[in-house]
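For reference, the chains in residue letters:
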Amino acid sequence: MSIKVRYFASLKESFGRSEEELVFTKTMSVADIWKQVSKDKDIADNILAAVNMDYVQFDYLVKDADEVAFFPPVTGG
Amino acid sequence: MSIKVRYFASLKESFGRSEEELVFTKTMSVADIWKQVSKDKDIADNILAAVNMDYVQFDYLVKDADEVAFFPPVTGG
Amino acid sequence: MNIKIVEKSFDPWGEIQSFQNSSPEMRGKYGATSIFVGTMRDFNDGDEVKGMMLEHYSGMTEKKLADIITAAMQKWSIIDVLVVHRIGDVFPDDAIVLVAVWSSHRGDAFDTSRYIMEALKSTVPFWKKELLVSNNERWVDKNTDGYKV
Amino acid sequence: MNIKIVEKSFDPWGEIQSFQNSSPEMRGKYGATSIFVGTMRDFNDGDEVKGMMLEHYSGMTEKKLADIITAAMQKWSIIDVLVVHRIGDVFPDDAIVLVAVWSSHRGDAFDTSRYIMEALKSTVPFWKKELLVSNNERWVDKNTDGYKV
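Same order as they appear, the protein sequences are chains A, B, C and D. According to the working numbering, the first sequence is numbered sequentially starting from 1. According to the working numbering, the second sequence is numbered sequentially starting from 78. According to the working numbering, the third sequence is numbered sequentially starting from 155. According to the working numbering, the fourth sequence is numbered sequentially starting from 304.
Think of the hints as simulated: they come from the structure by calculation, not from any bench. Even glycine gets a Cβ: it sits at the ideal position worked out from N, Cα and C. Treat the hints with caution; some may be incorrect.
[As the list claims (entries may be wrong)] Here are the simulated distance ranges between beta carbons:
(1) A:Glu13 <-> D:Asp345: 43 to 53 Å
(2) C:Gly213 <-> D:Met304: 38 to 48 Å
(3) D:Asn305 <-> A:Leu22: 29 to 39 Å
(4) B:Lys140 <-> C:Asp165: 39 to 49 Å
(5) C:Gln171 <-> A:Met1: 27 to 37 Å
(6) B:Ser106 <-> C:Ser212: 21 to 31 Å
(7) C:Thr224 <-> B:Ala142: 18 to 28 Å
(8) B:Ile120 <-> C:Thr298: 56 to 66 Å
(9) D:Pro327 <-> B:Ser106: 47 to 57 Å
(10) D:Asp448 <-> C:Asp196: 38 to 48 Å
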């Protein structure tokens with residue numbers, strides 16, 4: 001299965017990339033994806049996750065073709 | 078002592094006048110003035126009174142040259 | 155603060171723009187503007203309304219509005235306030251009242267604009283007489299409490 | 304509802320007027336308009352700020368705004384809502400966000416505009432990076448709670 005992972009704002013800068021494709025065979029949660037893309041960094045308290053543009057908890061299980069996004073607290077308005 | 082009494086909105090219409098001068102010698106409260114101008118009508122619950130453009134209770138004692146106003150609940154905005 | 159009682163129809167957006175243009179010292183200082191506009195509807199209490207006459211107690215109106223704004227500026231952190239209120243003959247879709255509040259932060263702006271509107275509605279001496287489509291006239295009895303939705 | 308994400312500076316009062324002009328069915332029906340405008344300040348957290356870059360998550364931004372407005376319209380009695388939000392390079396005195404709510408009565412309008420602003424500030428994926436007069440850049444950490452004044 002293949003998913004797209006996107007990063008925004010300060011997270012995009014610290015990751016040095018805005019998006020990437022991940023391909024894997026086993027069932028993965030958002031937390032598993034975070035571990036893989038961050039190279040086992042702990043999930044900071046304030047990091048938010050969305051799947052297909054809706055907020056999810058980190059135990060959410062992704063499906064093929066999902067778009068997963070990680071980003072810091074939002075500061076619009 | 079001499080005061081001006083003013084009426085607004087529906088009260089002006091029911092009184093048939095918008096203002097009048099009152100001259101008297103003894104100490105008068107706003108309630109006394111109401112009795113005199115309304116010909117002893119009871120003070121309706123919702124009638125408001127102002128002296129010199131500030132709200133007052135009906136036991137307020139008027140002074141010479143005061144402007145007393147009676148009016149129904151306000152409905153601006 | 156700026157308080158205007160106007161006898162002709164007014165454009166609330168133009169009033170706000172003019173106020174901002176005439177207050178260059180506010181530029182870059184305010185982060186939040188909270189605005190309320192009250193507009194005449196063509197129906198009320200189940201009846202079609204074709205016009206309205208807005209009476210006021212000249213002098214007390216301005217005094218009470220200034221008192222209200224002063225009290226708000228003591229309670230919240232506010233940069234400036236503009237209030238415009240219509241009097242005279244008003245027609246559906248006409249703006250009746252504009253309250254605009256400029257502040258650094260949004261909480262103060264929201265609290266202040268709502269406070270001013272509620273205080274205006276309950277204490278500033280304006281009165282509305284409606285002219286119905288049926289040609290009957292009637293005084294509006296009293297304003298409702300805007301916090302009870 | 305109308306949701307606009309704009310890359311160039313916008314005139315909030317012109318946006319409101321255009322929206323009203325293009326909604327003739329609202330004429331005479333709304334009695335209350337509650338508006339919030341967020342504007343860029345030239346200082347923040349004790350520093351002078353000369354510019355800002357507003358990033359967003361295109362697609363999710365519009366989706367979350369629509370969700371928020373839909374939830375508000377289920378909770379309160381609302382005629383229509385307009386939200387405009389700026390992205391890209393922003394300078395002091397530029398409008399960043401406009402929320403405008405039209406309703407029959409003022410309580411609904413006030414509650415809804417504030418609700419939308421708080422939900423926008425806490426859940427819609429926009430991010431601000433400030434460029435200070437010192438030429439340092441910094442991401443804004445997080446938004447404060449607008450109900451705690």
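Checked hints:
no., hint, verdict
1, A:Glu13 <-> D:Asp345: 43 to 53 Å, "violated, 25 Å"
2, C:Gly213 <-> D:Met304: 38 to 48 Å, "holds, 44 Å"
3, D:Asn305 <-> A:Leu22: 29 to 39 Å, "holds, 37 Å"
4, B:Lys140 <-> C:Asp165: 39 to 49 Å, "holds, 44 Å"
5, C:Gln171 <-> A:Met1: 27 to 37 Å, "violated, 55 Å"
6, B:Ser106 <-> C:Ser212: 21 to 31 Å, "holds, 26 Å"
7, C:Thr224 <-> B:Ala142: 18 to 28 Å, "holds, 26 Å"
8, B:Ile120 <-> C:Thr298: 56 to 66 Å, "violated, 24 Å"
9, D:Pro327 <-> B:Ser106: 47 to 57 Å, "holds, 55 Å"
10, D:Asp448 <-> C:Asp196: 38 to 48 Å, "holds, 39 Å"
The structure fails to meet hints 1, 5 and 8 from the earlier list, while all remaining hints are met.
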